[in-house]
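Assemble chain B onto chain A, guided by the hints.
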Amino acid sequence: MEAGERALLEATVRDAIEDSSSASADDVLVRLGWPEMLEAEPRDAVDVVFTALGATNATATVLDDVILTALGVEPRPDLAVLLPAFASWDEPGRLDSGAVNAVGLSTARVARATDLVFVCRDGVALRRVVVPIAEAETTPVHGIDPDAGLHVVRIHQRGVDGAPIESEVWEGAIAAGRRAVAHQLAGACRTMLALARAHAVERMQFGRPIARFQAVRHRLAEALVAVEALEATLTAAWDEPVPMTAALAKASAGRTARTVARHCQQVLAGIGFTTDHPFHRFLKRVLALEGLFGTGDDIVVRIGRQLMAERTVPTLIEL
Amino acid sequence: MDIAEFRSELTAWLDAHHDELAPAFSPPGTLDDHVAQMQRVKSVLFETGWMRWGWPERVGGLGGSPMLRTELGAALAARNLADPGLYSLVEVLAPTLIDFASPELAAEFVPRLLSGEEVWCQGFSEPDAGSDLASLACRAVPDGPAESAGQWVVSGQKVWTSLAQYSDRCVLLARTGSTESRHRGITAFFVDMEAPGITVAPIEMINGVAEFAQVFFDDVEVPADRVLGEVGGGWAVAMSILPYERSSCFWQRTAYLARRLQLLVDAAADDERTVAVVGDAFVQLHELRARSRATQHRLAGGATLGVETSIDKVLVSTTEQTIYDAVLRLLPGIVEVDDTPVGDAWRTEYLYSRAATIYGGTVEVQHNIIARRLLDLGGDD
Numbered sequence: 000m001e002a003g004e005r006a007l008l009e010a011t012v013r014d015a016i017e018d019s020s021s022a023s024a025d026d027v028l029v030r031l032g033w034p035e036m037l038e039a040e041p042r043d044a045v046d047v048v049f050t051a052l053g054a055t056n057a058t059a060t061v062l063d064d065v066i067l068t069a070l071g072v073e074p075r076p077d078l079a080v081l082l083p084a085f086a087s088w089d090e091p092g093r094l095d096s097g098a099v100n101a102v103g104l105s106t107a108r109v110a111r112a113t114d115l116v117f118v119c120r121d122g123v124a125l126r127r128v129v130v131p132i133a134e135a136e137t138t139p140v141h142g143i144d145p146d147a148g149l150h151v152v153r154i155h156q157r158g159v160d161g162a163p164i165e166s167e168v169w170e171g172a173i174a175a176g177r178r179a180v181a182h183q184l185a186g187a188c189r190t191m192l193a194l195a196r197a198h199a200v201e202r203m204q205f206g207r208p209i210a211r212f213q214a215v216r217h218r219l220a221e222a223l224v225a226v227e228a229l230e231a232t233l234t235a236a237w238d239e240p241v242p243m244t245a246a247l248a249k250a251s252a253g254r255t256a257r258t259v260a261r262h263c264q265q266v267l268a269g270i271g272f273t274t275d276h277p278f279h280r281f282l283k284r285v286l287a288l289e290g291l292f293g294t295g296d297d298i299v300v301r302i303g304r305q306l307m308a309e310r311t312v313p314t315l316i317e318l
Numbered sequence: 000m001d002i003a004e005f006r007s008e009l010t011a012w013l014d015a016h017h018d019e020l021a022p023a024f025s026p027p028g029t030l031d032d033h034v035a036q037m038q039r040v041k042s043v044l045f046e047t048g049w050m051r052w053g054w055p056e057r058v059g060g061l062g063g064s065p066m067l068r069t070e071l072g073a074a075l076a077a078r079n080l081a082d083p084g085l086y087s088l089v090e091v092l093a094p095t096l097i098d099f100a101s102p103e104l105a106a107e108f109v110p111r112l113l114s115g116e117e118v119w120c121q122g123f124s125e126p127d128a129g130s131d132l133a134s135l136a137c138r139a140v141p142d143g144p145a146e147s148a149g150q151w152v153v154s155g156q157k158v159w160t161s162l163a164q165y166s167d168r169c170v171l172l173a174r175t176g177s178t179e180s181r182h183r184g185i186t187a188f189f190v191d192m193e194a195p196g197i198t199v200a201p202i203e204m205i206n207g208v209a210e211f212a213q214v215f216f217d218d219v220e221v222p223a224d225r226v227l228g229e230v231g232g233g234w235a236v237a238m239s240i241l242p243y244e245r246s247s248c249f250w251q252r253t254a255y256l257a258r259r260l261q262l263l264v265d266a267a268a269d270d271e272r273t274v275a276v277v278g279d280a281f282v283q284l285h286e287l288r289a290r291s292r293a294t295q296h297r298l299a300g301g302a303t304l305g306v307e308t309s310i311d312k313v314l315v316s317t318t319e320q321t322i323y324d325a326v327l328r329l330l331p332g333i334v335e336v337d338d339t340p341v342g343d344a345w346r347t348e349y350l351y352s353r354a355a356t357i358y359g360g361t362v363e364v365q366h367n368i369i370a371r372r373l374l375d376l377g378g379d380d
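Residue numbers (numbering that gives the first Met the number 0), protein chains in the order written: chain A, 0 to 318; chain B, 0 to 380.
Since the hints were made in silico from the structure, they are not lab data.
Ranges of calculated distance between the beta carbons of each label pair, as one might list FRET restraints:
| id | chain 1 | residue 1 | chain 2 | residue 2 | range |
| --- | --- | --- | --- | --- | --- |
| 1 | B | F24 | A | P242 | 40 to 50 Å |
| 2 | A | G269 | B | P340 | 55 to 65 Å |
| 3 | A | M243 | B | N79 | 18 to 28 Å |
| 4 | A | E239 | B | F24 | 34 to 44 Å |
| 5 | A | R30 | B | T361 | 46 to 56 Å |
| 6 | B | Y358 | A | V129 | 57 to 67 Å |
| 7 | B | H182 | A | D238 | 36 to 46 Å |
| 8 | B | G231 | A | G206 | 33 to 43 Å |
| 9 | A | P242 | B | T339 | 35 to 45 Å |
| 10 | B | L104 | A | P242 | 51 to 61 Å |
| 11 | A | A124 | B | V306 | 47 to 57 Å |
| 12 | B | L61 | A | E317 | 14 to 24 Å |
| 13 | B | R372 | A | P242 | 32 to 42 Å |
Glycine included, every Cβ here is placed at the ideal spot set by N, Cα and C.
With the rest of the complex left out, here is chain A:
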């Protein structure tokens, strides 16, 4: 997508989401052509939409569309996805002689969809299973961020069959999810930094804006360095779309979100500790998002284990 066109899209999506109530962010995105955009220009679509969702703290269920597409299923509003459990990237189901046991997380789509798609391990093979949501036990997650729309979903059912899928398809779905969530975290980090910056230049203490104190400036500078590094890994993850670059972007997103939240909350000080100021919503949202498709720490360990097992430091991206 050409740069001017892209900037216009970013502004349009963000304005539309901000003008809507959070409940209808999905409708807004559909009206803006999200399904067609995801099919025709997945990179721009995912980047722009998830960055905007993160930046505005809006709740949508478009992650389901991203995962469905990666699993080779045509996305539909009445089709929800069972994601891996919090802090996991294992396939959420086990299939044994037609009996399925699955537990994982879903977006708010599960509350109004009719069917649920998920991946099961069946011995050494993987299968893509579809069950009616009526058969599933769904519980909204209150947790740290009730507005995130997450649900815990459990399924115990017999007589289930599924389409075999290659393990690369599942890895591709995890990678797609990681890229999307990493964009959302990057958007949230940008807003946390903007909130802290605005506070720093307005808040007067000792007769001057606190932005003039080097201790404050350096915290915000460090936060910006982290966000810029994360955004670079996202560019790399799309340029070289292999599972490892997506894992690295998600790992970077986890580290960055914690660094940015820590520095921004300290700069926001008292007001950032209240529910009067919007910061708390972003802090809570990034903690909820960080566990989707594996936390940064878990991914770091997994990557380290792979490097040590192969005794190889891969290059992944060239000029």
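Okay, now just chain B, sitting in the frame of chain A:
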């Protein structure tokens, strides 16, 4: 030439000529060894043409995207064929001559730098002008009106001048305006290091290597045709170096750091502590590589690099220290008590890495720039 094609041909060529190019000395090697190695490699690569890609034809190059020479430097760093810190002087000083010297001067001297015939140094920092470069005091006085001067006479002192004791030329910043003129009253000169009145006093670094030197200028005569850029335009010359240092040199540094992490991964015990430390270092390295790549692409796309490269500088500095900290943690004793050549090499590099957050503008100075220019936080106290 296309970059992917260049990379693949270069890789094949370097593989085939490894024995000819590899250092003959055992690690860590003396500074003499490293300088001689770099010059020998440059000489071979210049004769075979590799060293000429990405440089303009008017200075002996073969043309093509500057990314070609970035790729070459990265390959040399990754293969331990040239120290990236020493090699970076080529990347920053050749463009200065190309952009600011007369065409004749550039055509005469740049090929000598590229071909390994000469070593050049950069005379910027002074004892009282480190991070605050605009306060430099080394003075150049014309022998008449500045516009028609035949020569300039330089007096003063420089410090942290890398490889001064090996250098044939120096790109020097000197004050030609009033002391209060700050960055407006500075002029750049291309000085012969054998000129009478120059004294070089090497400084032994924390790792025992004397890579830097103090350079004293005592009424050194510099012909007027050695002024680089405009009289009073030295700040622009100094600033022009930044994009090269922060693109090509950082990409090459990244290749070097990747090689170091590989050596650590080869040697470390495969346990739970290692996987966490190595994983963390690799994520940082990947962030740096991704950022540096994006910067390269912006430069190649015609963008003017500016203050946003302070981000790159912070990332390269902190990643370097993370990787050597990982070495200290995962190879216990290798830095502290290992007297084998391998221990000597890690020790030298570990100690050098402590300067990564200091040279080229400290991390604190970068944070100040980021705060003021990128976050628009206004002035500080």
